Amino acid sequence: AQSVTQLGSHVSVSEGALVLLRCNYSSSVPPYLFWYVQYPNQGLQLLLKYTTGATLVKGINGFEAEFKKSETSFHLTKPSAHMSDAAEYFCAVSVDNNDMRFGAGTRLTVKP
Amino acid sequence: DAGVTQSPTHLIKTRGQQVTLRCSPKSGHDTVSWYQQALGQGPQFIFQYYEEEERQRGNFPDRFSGHQFPNYSSELNVNALLLGDSALYLCASSLAFAGDPLETQYFGPGTRLLVL
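So the protein lines, in turn, are chains R and F.
The first sequence lines up with residues 1 to 112 when you count with my numbering.
The second sequence lines up with residues 113 to 228 when you count with my numbering.
Note that these hints are calculated values from the structure, not bench results.
As the structure is a prediction and not an experimental result, all values here were calculated from the model.
Please note that the accuracy of each hint is not assured.
What the hints assert, rightly or not - Sample of chain R residues lacking proximity to chain F, with all beta carbon distances greater than 10 Å (derived):
#: 1; residue: V11
#: 2; residue: S12
#: 3; residue: E15
#: 4; residue: S27
#: 5; residue: S28
#: 6; residue: L44
#: 7; residue: L56
#: 8; residue: K58
#: 9; residue: I60
#: 10; residue: E71
#: 11; residue: S73
#: 12; residue: S80
Stated by the list, open to error - Here's a subset of chain F near chain R, in silico, CB distances under 7 Å, partners left out:
#: 13; residue: Q153
#: 14; residue: F172
#: 15; residue: G196
#: 16; residue: S198
#: 17; residue: L202
The beta carbon of each residue, even a glycine, is placed where N, CA and C say it ideally should be.
Let's have the full structure, built from the sequences with the hints guiding it.
What follows is the structure, given as structure tokens:
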């Protein structure tokens, strides 16, 4: 069965600094990988997803993630943090879209 | 184009009671999945409905049941509520056969259930 581990339950960066949120996955078959963002009292919004093809995936709001099979990782990055990026971020893995497995989440705080 | 909608937004129940949560999928979507998100945790897959049948189920007891209607909307029912059932319940919709090997799931805002 597939699973996801997010390293770091809380990450704090200064406004304008690099954002790096770590995600490692486990899957017995080629996975589909996702990053979702959740703002307070809201549902999940898809930032980006990897299915096949190019391993560097660009998403909304300036975020991108790179699928590294050799490292079983799918880390999320953004070159310059904005105050509006403060939220909870979830990495997820799926093999058939019937059952998405989510990580525990990383809370991103952006300091002025 | 309305996205995924859920009702109610908040709900308070007592132990032993039963609850029904409702979800309307995004326009054009035919598949509905339900997730439970406990405080401070990631969502956990409960089950998925397609063509009015449960297609796949996560590791949840039979107290959790669902239904999908001909218009693709769905209900999640939880019987004999426990304190541990307190959580945000998220509904996600997708299109089963979109030509994309993995059509994106779109999430609703959730129903926050508190069991006292």
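Hints violated by the structure (numbers, ascending): Of the numbered hints, 6, 14, 15, 16 do not hold.
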